[in-house]
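Below are the chains, spelled out letter by letter.
2 protein chains.
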Amino acid sequence: MSDPILDTDFIKEMARQMRALDTYGTYSGWTVEKILDPFVLTKERKANIPLIGDPDEETLARVKAFYNAIAVLIEKECRLLAVPLVHLTHEGFGRAIITVGKLVAVDKTLRDVHRFGFDSLSKMKTEADKLLSVALERIGSYPAVAGL
Amino acid sequence: MSDPILDTDFIKEMARQMRALDTYGTYSGWTVEKILDPFVLTKERKANIPLIGDPDEETLARVKAFYNAIAVLIEKECRLLAVPLVHLTHEGFGRAIITVGKLVAVDKTLRDVHRFGFDSLSKMKTEADKLLSVALERIGSYPAVAGL
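Chains as they are written, first to last, in the working numbering: chain L, 145 to 292; chain P, 145 to 292.
If you're looking for bench data, these hints aren't it; they were derived computationally from the structure.
Since we're looking at a predicted model, the values are computed, not measured.
Keep in mind that a hint or two might mislead.
For chains that are exact copies, the list does not tell them apart, and a pair is met inside one copy or across any two.
Stated by the list, open to error - Here are the simulated SDA-like cross-link-like pairs (lysine to any residue), alpha carbons at most 20 angstroms apart as the crow flies: (1) K156 <-> E219; (2) K252 <-> S277; (3) K156 <-> S264; (4) K156 <-> E235; (5) K190 <-> D151; (6) K208 <-> H234; (7) K252 <-> V227; (8) K274 <-> L292; (9) K208 <-> H258; (10) K208 <-> H231; (11) K208 <-> R239; (12) K274 <-> I149; (13) K178 <-> T253; (14) K267 <-> D153; (15) K187 <-> P148; (16) K220 <-> S146; (17) K178 <-> L195; (18) K187 <-> T203; (19) K208 <-> G238.
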């Protein structure tokens, strides 16, 4: 029996985001778990990544996929355009924001982007749910700004 | 007699922003007009820049200086932290935003960043004044979001 988490909107959207990046069809025939496996950063995997480093293109693509997926879920819930923006400054520091109208619905300081990942897919979903819930609450509190 | 525009807060702040980037003291002894001269894109200068191109580091630094200066002026006026973010996507397209709390006070789509510039310093100040005035009005309308 497959993990029920794989049937959630968020995980489905994450897989969709990753498939959209898969220009050469590498993922064809892959399970969702296999496609999303690079997001899972177990202790062993983490130990193999240097403490300080610049994120590579693939890691950055995963960070963007994560915030894109959250933006899609925000749009689905509130029917307003949600625009993600992942901005790196230096050495893996940066800022991820999602704007809805003139409201910053998600605002997250990024650190150690080259070590971006989660203990498990379940932990990733928990983090996404948190960001989504804060965003929707804020949009609910300030609908005029979100509608600007 | 020098142009009164050089005594405005905006132009002074622009010069300050540019001097902050001047690691090697190249600008020492330069007039403000000379320091800000690369922002002036006369018709002749514009004609010498290809229609499509990637912005170089110096052009990008000028775009950032422009939005940094506006953020500083917003802070001065409303006494809240204003955070600028200039994000390029591809071929000189991008987005410049300034957030104050969870409010997007400035939101500007960037096009042809490699051709960033203004007819004159006066035109640059006019554009900055417009952005500043929209930002301050929006902050005034939604102080709760700006204070988040």
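Here is how each hint holds up against the structure:
1. K156 <-> E219: within (15 angstroms within a copy, 42 angstroms between copies)
2. K252 <-> S277: within (14 angstroms within a copy, 27 angstroms between copies)
3. K156 <-> S264: within (16 angstroms within a copy, 51 angstroms between copies)
4. K156 <-> E235: For K156 and E235, the Cα distance exceeds 20 angstroms both inside one copy (31 angstroms) and across copies (32 angstroms).
5. K190 <-> D151: Close neither inside one copy (27 angstroms) nor across copies (54 angstroms); limit 20 angstroms.
6. K208 <-> H234: Answer is both: 16 angstroms inside a copy and 15 angstroms across each meet the 20 angstroms cutoff.
7. K252 <-> V227: both (14 angstroms within a copy, 13 angstroms between copies)
8. K274 <-> L292: between (24 angstroms within a copy, 18 angstroms between copies)
9. K208 <-> H258: Answer is within; shortest intra-copy Cα gap is 13 angstroms, inter-copy 25 angstroms.
10. K208 <-> H231: So K208 and H231 pass the 20 angstroms test inside a copy (10 angstroms) and across (14 angstroms) alike.
11. K208 <-> R239: Both: 11 angstroms inside a copy, 16 angstroms across copies.
12. K274 <-> I149: Close inside one copy (16 angstroms), not across copies (49 angstroms); limit 20 angstroms.
13. K178 <-> T253: Close neither inside one copy (28 angstroms) nor across copies (37 angstroms); limit 20 angstroms.
14. K267 <-> D153: For K267 and D153, the Cα distance is within 20 angstroms only inside one copy (15 angstroms; across copies 49 angstroms).
15. K187 <-> P148: neither (24 angstroms within a copy, 62 angstroms between copies)
16. K220 <-> S146: Neither way: K220 and S146 sit 25 angstroms apart in one copy and 56 angstroms across, limit 20 angstroms.
17. K178 <-> L195: neither (26 angstroms within a copy, 44 angstroms between copies)
18. K187 <-> T203: For K187 and T203, only the intra-copy Cα distance (17 angstroms) is at most 20 angstroms; the inter-copy one is 42 angstroms.
19. K208 <-> G238: Result: close both inside a copy and across copies, 12 angstroms intra and 16 angstroms inter.
When each numbered hint is compared with the structure, violations occur for hints 4, 5, 13, 15, 16, 17.
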